[in-house]
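Engineer: Chains as they are written, first to last, in the working numbering: chain P, 46 to 381; chain L, 179 to 254; chain U, 10 to 373.
No wet-lab data here; the hints were simulated from the structure. Every value quoted in this text rests on a predicted model; they were computed, and no experiment measured them. Be aware that a few hints might be false.
Anything over 12 Å on all C-beta distances counts as not near chain U; from chain P, calculated [what the hints assert, rightly or not]:
| no. | residue |
| --- | --- |
| 1 | Ala-75 |
| 2 | Phe-77 |
| 3 | Tyr-143 |
| 4 | Asp-176 |
Under the rule of at most 30 Å between Cα atoms (straight-line distance), these lysine-lysine pairs were calculated in the DSS-like manner [stated by the list, open to error]:
| no. | chain 1 | residue 1 | chain 2 | residue 2 |
| --- | --- | --- | --- | --- |
| 5 | L | Lys-190 | U | Lys-20 |
| 6 | L | Lys-191 | U | Lys-170 |
| 7 | U | Lys-170 | U | Lys-299 |
| 8 | P | Lys-290 | U | Lys-296 |
| 9 | U | Lys-296 | L | Lys-186 |
| 10 | L | Lys-215 | U | Lys-167 |
| 11 | U | Lys-299 | L | Lys-234 |
| 12 | P | Lys-237 | L | Lys-191 |
| 13 | U | Lys-296 | U | Lys-141 |
| 14 | P | Lys-290 | L | Lys-234 |
| 15 | P | Lys-281 | P | Lys-354 |
| 16 | P | Lys-237 | P | Lys-290 |
| 17 | U | Lys-20 | L | Lys-191 |
Yeah, the Cβ is synthetic: ideal placement off N, Cα and C, and Gly gets one too.
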Amino acid sequence: MNTYGNQRISLAHGSGGKLTHDLIKDCFLARFKNPILSELTDSAILNLKGINLAFTTDSYVIRPLFFPGGDIGKLAVYGTVNDLAVVGAKPLYISCGYLIEEGFNSVSLDEITQSIGDAARNAGVLVVTGDTKVVEHGKGDGIFINTSGIGVCYYQLLQDIEVGDKVLINGPIGDHEIAIISARGELGLDVKIESDCAPLADLISHVLTASGKIKFMRDPTRGGLATTLNEIVTSKDLGILIEEKAIPIREEVRAVCSLLGFDPLYLANEGKVVIIVGCEDASLVVDTMCAHSLGRDAQVIGEVVESPKGRVCLRTEIGGTRIVDMPVGTLLPRIC
Amino acid sequence: MCLAIPAKVIEKKGTLGIAEIGGLRHEVDLRLLEDVKIGDYVIIHAGFGIQKLDTKEADETLSLLKEMVKCGMCDV
Amino acid sequence: MKYIDEFYDRKICVNLAEEIAKKSLGTELTFMEVCGTHTMSIFRNGIKDLLPENISVLSGPGCPVCVTPNRTIDKAIAITRLNEVCVCSFGDMMRVPGSSSTLAQERGRGADVRVVYSATDAVGIAERNPDKKVVFLGIGFETTTPTVASSIKDSALKGLKNYFVLPAAKLIPPAIKAILDSGETKIDGFLLPGHVSVIIGRKPYEFIAEDYGIPCAIAGFEPTDILYAILRLVEQINNGSPAVENCYRRSVKEDGNKLAKDMMNEVFEVCDSEWRGLGVIPSSGLKIEKKYRAFDALHNFKMDVEETKENPDCLCGDVLRGVASPLDCALFGGVCTPENPAGPCMVSSEGTCAAYYKYADVRR
Chain P
46 MNTYGNQRIS
56 LAHGSGGKLT
66 HDLIKDCFLA
76 RFKNPILSEL
86 TDSAILNLKG
96 INLAFTTDSY
106 VIRPLFFPGG
116 DIGKLAVYGT
126 VNDLAVVGAK
136 PLYISCGYLI
146 EEGFNSVSLD
156 EITQSIGDAA
166 RNAGVLVVTG
176 DTKVVEHGKG
186 DGIFINTSGI
196 GVCYYQLLQD
206 IEVGDKVLIN
216 GPIGDHEIAI
226 ISARGELGLD
236 VKIESDCAPL
246 ADLISHVLTA
256 SGKIKFMRDP
266 TRGGLATTLN
276 EIVTSKDLGI
286 LIEEKAIPIR
296 EEVRAVCSLL
306 GFDPLYLANE
316 GKVVIIVGCE
326 DASLVVDTMC
336 AHSLGRDAQV
346 IGEVVESPKG
356 RVCLRTEIGG
366 TRIVDMPVGT
376 LLPRIC
Chain L
179 MCLAIPAKVI
189 EKKGTLGIAE
199 IGGLRHEVDL
209 RLLEDVKIGD
219 YVIIHAGFGI
229 QKLDTKEADE
239 TLSLLKEMVK
249 CGMCDV
Chain U
10 MKYIDEFYDR
20 KICVNLAEEI
30 AKKSLGTELT
40 FMEVCGTHTM
50 SIFRNGIKDL
60 LPENISVLSG
70 PGCPVCVTPN
80 RTIDKAIAIT
90 RLNEVCVCSF
100 GDMMRVPGSS
110 STLAQERGRG
120 ADVRVVYSAT
130 DAVGIAERNP
140 DKKVVFLGIG
150 FETTTPTVAS
160 SIKDSALKGL
170 KNYFVLPAAK
180 LIPPAIKAIL
190 DSGETKIDGF
200 LLPGHVSVII
210 GRKPYEFIAE
220 DYGIPCAIAG
230 FEPTDILYAI
240 LRLVEQINNG
250 SPAVENCYRR
260 SVKEDGNKLA
270 KDMMNEVFEV
280 CDSEWRGLGV
290 IPSSGLKIEK
300 KYRAFDALHN
310 FKMDVEETKE
320 NPDCLCGDVL
330 RGVASPLDCA
340 LFGGVCTPEN
350 PAGPCMVSSE
360 GTCAAYYKYA
370 DVRR
């Protein structure tokens with residue numbers, strides 16, 4: 046029996062955690078089996094006549110559509126170009142598919158489209174193809190957007206992660222998810238946090254120019270830092286140890302987490318990149334990121350360790366350690 | 179079983195208030211507490227203030243704990 | 010964050026842990042942390058790593074996820090299947106398995122199930138949706154119950170006809186007594202729940218020290234609070250003078266919170282209650298007073314509750330009482346995993362079974 050098939054699809058299957066991975070492995074990978082897909086990188090790398098192209102796709106579903114720091118349009122562009130950037134590619138072209146619910150306000154549609162245009166210019170990509178479908182009222186939640194992107198690879202990530210390599214991040218975690226939760230207005234929270242939604246290609250190109258020792262990069266979006274780190278070590282012969290003290294988190298984000306019982310390691314980001322770099326270049330890369338507007342709070346947050354293998358551990362502020370697992374369900378506020 | 183955190187009351191209208199912690203402002207129902215004043219810290223659980231935090235006791239506990247470190251042999 | 014961060018001081022924690030090691034002299038001691046939030050703090054902060062090996066901490070009954078019996082979940086699920094009904098719950102209960110389903114699964118099948126942070130939010134939903142009957146799943150202990158009582162009083166004042174509570178509140182002192190009377194587990198001391206004590210005060214626990222001679226410390230939830238309370242338990246044992254010591258003085262008053270107790274007593278009355286793993290404990294639950302019966306879901310809905318089924322192999326009850334290890338359970342890691350929990354101890358990441366699952370391959 047497959048692990049996803051004994052139940053109906055739940056929200057947790059789309060949350061980026063354990064169930065999403067099971068679904069990908071048991072349903073999609075099993076049917077689409079090919080060596081390119083099996084890599085499960087943020088973008089597929091396609092070798093076409095000697096040129097390495099990066100190709101990716103992502104669908105955007107968010108409530109509310111407009112939130113502090115962004116909107117679904119901006120998110121749809123930056124999310125996709127970031128998936129290209131983290132495989133060492135320069136993003137060039139994107140597509141844009143709209144699924145619109147009958148009755149959707151055309152002023153909002155116009156605003157979202159304007160935002161897509163602005164974001165594409167800002168990220169240096171062209172929207173070169175698109176699609177529009179309208180579904181009956183009640184059959185969609187306002188608007189869903191899908192974008193695909195193509196870029197040209199200019200850097201070969203080393204991939205040979207080894208013990209002693211450093212784990213870096215370009216700034217505070219959790220801003221996006223907390224901004225969204227606060228914008229929904231359901232939990233009586235008033236917090237001045239903006240989504241970190243931003244295009245990372247420029248920051249990443251600075252990093253890749255500065256260091257030839259970059260081994261791996263990924264943007265920790267849904268499922269947060271914890272999920273990305275777990276993806277890195279899963280079925281590898283090494284582990285990752287991160288330091289709670291070193292992980293940048295805004296005071297406001299910590300406060301919401303304390304109030305609602307969230308673990309900030311599982312909060313989604315939209316403008317962050319996790320980088321694994323050879324130990325000798327770690328401070329160079331941190332300095333390079335700190336000099337960039339999207340990396341001012343860059344930090345070494347941990348390192349690759351020998352054991353426990355395949356696991357992510359956190360050394361807590363008081364000096365204990367705990368295992369940081371893949372998230373299982375969706376993020377829910379708790380009273381316990 | 180019961181997640182609750184201290185926050186500072188910064189606004190109050192009847193038994194409803196706004197409490198602030200680490201830049202987060204949160205609506206809080208203060209009906210279960212007697213004479214809460216603006217500036218007081220209250221313990222919030224599920225949207226309600228369930229007790230005023232005794233700041234004097236908090237400071238005493240902290241100095242007791244710090245005193246123990248001073249007396250102890252510990253040098254971390 | 011003021012009055013939180015100060016209580017995370019690493020130096021103080023290490024010092025307290027060393028004192029605990031020094032004073033416990035290698036004696037094997039087992040302390041029960043009664044409250045699920047203590048369990049979570051011990052887990053998230055890695056407190057067990059600081060404690061000497063001779064000190065074990067055991068999770069107690071103060072976690073609604075763990076002790077709410079199938080029957081209660083089944084009732085909530087039966088309500089979701091009625092027409093024009095919206096069931097509101099704290100996020101904690103969404104994935105807790107009933108006899109054959111969970112609230113999250115029912116939502117996936119189209120039921121109107123919403124997660125709220127406060128009972129007040131559920132009242133708001135009732136006000137905004139007059140054509141829906143809004144039912145709040147009223148789980149929790151003494152800390153939460155005054156807030157649920159407030160929501161019922163509010164609805165009465167506002168004349169709401171579409172807000173109901175499915176009463177499922179429980180009381181902590183009778184559960185501690187039941188565990189002690191069962192005599193199954195050796196407990197050398199209790200870390201008492203700080204926020205339940207905020208409401209009920211220190212006195213209701215005196216029987217533990219006086220009648221059973223077991224040391225008790227009311228503890229806050231930051232790491233220094235927990236370690237300090239453990240140190241005081243060790244010192245009480247050394248002095249041979251068991252007492253109920255208030256180690257969370259910034260929040261807990263001798264008599265608790267009178268207004269909150271009054272609110273609880275006005276809306277609820279004490280009744281016997283069923284706990285998963287502990288069975289029916291006399292006077293350990295709360296039902297809605299007759300006066301407020303119009304808001305009692307049990308009296309206002311004809312529900313078709315499925316026959317309660319327990320998985321005969323699930324050992325959660327024994328795990329909860331500390332008499333079995335998750336590894337003794339035939340379901341553990343096979344049928345029962347964090348993604349598909351068969352029993353409640355696998356639901357929260359800090360639940361006893363979930364924690365074992367997570368560490369299983371590391372231990373090996």
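Engineer: For every hint, state whether the structure bears it out.
Structural biologist: Hints and how they fare:
| no. | hint | in the structure |
| --- | --- | --- |
| 1 | Ala-75 | 18 Å, holds |
| 2 | Phe-77 | 23 Å, holds |
| 3 | Tyr-143 | 26 Å, holds |
| 4 | Asp-176 | 29 Å, holds |
| 5 | L/Lys-190 x U/Lys-20 | 38 Å, violated |
| 6 | L/Lys-191 x U/Lys-170 | 27 Å, holds |
| 7 | U/Lys-170 x U/Lys-299 | 16 Å, holds |
| 8 | P/Lys-290 x U/Lys-296 | 45 Å, violated |
| 9 | U/Lys-296 x L/Lys-186 | 34 Å, violated |
| 10 | L/Lys-215 x U/Lys-167 | 27 Å, holds |
| 11 | U/Lys-299 x L/Lys-234 | 42 Å, violated |
| 12 | P/Lys-237 x L/Lys-191 | 22 Å, holds |
| 13 | U/Lys-296 x U/Lys-141 | 24 Å, holds |
| 14 | P/Lys-290 x L/Lys-234 | 28 Å, holds |
| 15 | P/Lys-281 x P/Lys-354 | 7 Å, holds |
| 16 | P/Lys-237 x P/Lys-290 | 23 Å, holds |
| 17 | U/Lys-20 x L/Lys-191 | 42 Å, violated |
Checked against the numbered hints listed earlier, the structure breaks hints 5, 8, 9, 11, 17; every other hint is satisfied.
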